[in-house]
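Given chain A's structure and the hints, the job is docking chains X and F onto it.
Sequence order for the protein chains is A, X and F.
Letter 85 of the first sequence, counting from 1, is numbered 784 in the numbering used here, and no numbers are missing.
Letter 497 of the second sequence, counting from 1, is numbered 707 in the numbering used here, and no numbers are missing.
Letter 241 of the third sequence, counting from 1, is numbered 966 in the numbering used here, and no numbers are missing.
Honestly, the hints are just simulated from the structure, not real lab data.
Here a beta-carbon is modelled for each residue, glycine too, at the ideal position from N, C-alpha and C.
Any given hint might turn out to be false.
Partner residues aside, some chain X positions facing chain A, computed with beta carbon under 10 Å [claimed, not checked]:
1) Arg269
2) Gly306
3) Val369
4) Ala386
5) Leu471
Now the stretches of chain F that chain X is said to cover, found in silico as 3 or more residues with beta-carbon under 8 Å [what the hints assert, rightly or not]:
6) 761-771
7) 1032-1039
Residues of chain X clear of chain A, computed beta-carbon distances all greater than 12 Å [claimed, not checked]:
8) Ala450
9) Ala464
10) Thr475
11) Arg585
12) Gly606
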Amino acid sequence: MPEQSAPCPNVDITVDGAGWSVPAGSSIAAAFVARGHPGWRLTRRRAEPRGLGCGMGVCFDCLVTVNGTRGVRACLTDVREGDVITTERGSGFADLAI
Amino acid sequence: MPTWPSEPRGTPGRGPRHSDVAVIGAGPAGMSAAVAAAQAGCSVTVFDLGERPGGQYWRWGPASDGRFHHGWPAFRALRDSFGGHQAAGRIVHLAGHAVFHVDPPPAGEVPGIGSRFTVHAVAGERERGYAAVEVSAVVVATGAYERQLPVPGWTLPGVMAAGAAQALLKGSAVVAGHRVVVAGTGPFLMPVAAGLAQAGARVAAVVEANQPLSYLRQPLDLARSWRKLPEAAGYLARLARHRVPVLCRHAVVAAHGDGRLRSVTVARLDPAWALVPGSQRTLDADVLAVGYGFIPQVELLGEAGAQLRRGQDGRTFAAEAGADQQTSVPGLFAAGETTGIGGADLSCLEGQVAGRAAARHCGHQVRPAGPAIIRRRAALRRFGALLDAVHPVPPGWTQWLTGDTVVCRCEEVTLARLLAAVDLGADDARSVKLLARPGMGWCQGRICGAAVAAIVAGQRRSGRSDGGDPDFPESAVSRPLAQPVPLEVLAEAAHERAAGGMAGSP
Amino acid sequence: MSASHHRDVVVIGAGIVGAACCYYLARAGLKVAVIERGAVAAGTTGAGEGNILVSDKEPGPELELAQVSIRLWRQLGDELGPDAELEPKGGLVVAAGPEERQQLDEFAAAQAVAGVEVRTVGPSGLRDLEPHLADGLAGGVLYPEDMQVQPMMAAALMLRAARDLGAELRLHEEVTAIETAAGRVAGVRTSTGGLSAGLVVNAAGTWAGELAARAGLALPVLPRRGFIVVTEPLPRMIRHKVYTADYVANVASGSAGLEISAVVEATASGTVLIGASRERVGFDRTSSMKIVGTLAAQAVRLFPVLAGVRAIRFYRGFRPYCPDHLPVIGSDARLPGLLHACGHEGAGVGLAPATGHLIAQIATGQTAPVSLAPFDPGRFEEPARA
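Looking at chain A on its own, in the form it has when it is part of the complex:
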């Protein structure tokens, strides 16, 4: 388990279609916050924005869809090269509604 205080290599990910370059080892939540986006989800009843809550996987506010997997806790999940991340508006399953 190496540690270093030198800058980390970045990974390239896509967030809602836009390309982001994010330091490796950063959580997805940290990537949003670092770019000045404290909120990245809209709730289903009141369409209100949510972002980082508890930071440790308990509150389920920070959910994103990652590579098609819905409801991923962004605070627990590090970015990986090539990740396709989409934000959830109302529900990650909105595209399956009938």
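Structure of chains X and F alone, referenced to chain A:
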């Protein structure tokens, strides 16, 4: 008979992995337990939610060099031991695994060597597979999470747990914002504020709701905990150096913004935590890092049958653990914050004791914890209790809310909806939950449960005659699924041996 | 006891059946008190899915009762308001294969003769009704009359409406004895005092047998455990209550073992509820990954889109059932003044208004709209030996 099959068609022959010991949680307690059990000769499977071991206290990332951490050398040593046992094949570390259920040995089996627990987990927050291990002993070291109090505007992005701001810093080297207010109650606020200040954030204020100088009223316990004083003094000095004002007997009673946090209202509190009228003032902030103490995560223990005891405030539960950290279920151990909030040193100590005792349970020759360890653990527990006592959470905060304040974040249940349920005849927290749905969302009431109980208790019109605990019975922390589980994973878990004598049912 | 402690009727139990009894009794102008040892809907009602079904009932007394009850639910839906979440969603029963399909069609034809609205659906028609339903099913039957309600809210709203009419609700108070005088019911004694009343209604659900025993009477109401798995909240992906044809066989089964069938439906709040299991294990509250996992597997087989959807909790409830799977509704000949309204076994929500209405008819000496003989509390007694 109808042709609809009632047994799921799955890949046959996929059995659980076997191991001597399962450790759930890889924070200070879990890592210490895993290392101790491995050192004693056990095979250990460690399940942890995070990508890296260390838990919350030692949350780290590739850029970490210890400057934002406490006890970094001790962590490095522990991490090296852990890694050594991994390399030797004694520890299997399952990162990103969410344990959702622990089956105790089936009823009727004599507890001891040979009777097996089954630990069920979702494998990977992204991958969402299934993993299960059958073991002789389980150490549950699932830590604790921060208590939050709902206030108007607390759902605005930018409002986060104090630990969340710290996790950003320690884990991802990200400063949460430019102008931070750190608020709540408890000794945790200081290191959070000091770390943020050190990292270059402007910390506008530390807002502590209690008056921690009441430490001084308990000089004897304080004298025994003299080792802790330099730590506290160090934080205060660092805050002073960065010109961070520390307000005591104050709280953030509202957050404001337009889709994100812009400012907070700070007010003075009386001892019952009612607002002192006219004391409100506004502070600009784009981050509110807030926490009101910690709540142990004990659902896996409770569901497996372990006896729990109620915490001081009546709305938390911790696991009862004996001198060797064993719970009331033979072979099931609890270590760290799950036995009561006490900090990282205590967690490491309890983890060591639990790991050794788990090894003993598996038949290895290991001496029980000696008197020096027992004494040190007792001293650390006393200090934890002292800190708890000077950071209570009286119910006056319920008066800070307005009807539109969201109380249950997951289901977006406002105070007005809760009061409407009370009006309909729901006079305890469970009835309110059935009618208005707080606690029915993803987090299953972890964030809002105690708050809802306090609100409902405050609304109760008449006394109860049945003597029961209407606000927060033990069932309030009963969660048969400790983590959300994909249905296809649950389907796979049906193949594993289950508890309750179900083996062999038609 | 003083007049202030006198009621016309005491209803024991504030679940959906007790609430319905209270509602219709109050509307009939009687002075009612409901006494409940826990909170509103604290028993099986709090574990219910809120089913209002004709689809799962074969022609006979229970179906007749259900048909009356559904008409009453429609009225109640208007009276109680949108918070009750009464939804006329319809039920869709699906058959896995041709043999099952034939059994289902025969069953539905008999129900149609009894006045139930049924529509047979061919294999290709299933996906029009439920786009996410799995391929390869053999067809099914649609029951447009089936409905769903939020049972706790419905109970609470009925009780409030009754209280607006002068009824009294006493929670966290346990009835310890049914008092008699001159061979008739005289009232109840409770944990905090007592009430006098000429009529007492046993609506104690799964504990109705226990309560009857406190009056020295045998009533064979036993618990039948069921688990329900609840998913994370979802947008509307499932329109009807959807279940497999073997559900009907399981309900009627007398088997002591575990019966599991697939039942899947959405709720107004967005969660999907997955059932259904039935076991006779007393009041055993332990969990079973095997049962819960099997329920999940079955749901995924019906709706493959649910594979990645997460369960966030599961819970168990204890359905009150009688040996012949019919409820107990009516006067107990062994103790004049004692009425029973219990034993509804998984159909309590659906049958509650009809039950309450019948109880109100009996209490006011009017003719019941259906024959009460099949529900007679005395039907379990051994005939007297010479």
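Output the indices of the hints that this structure fails to meet, ascending.
none
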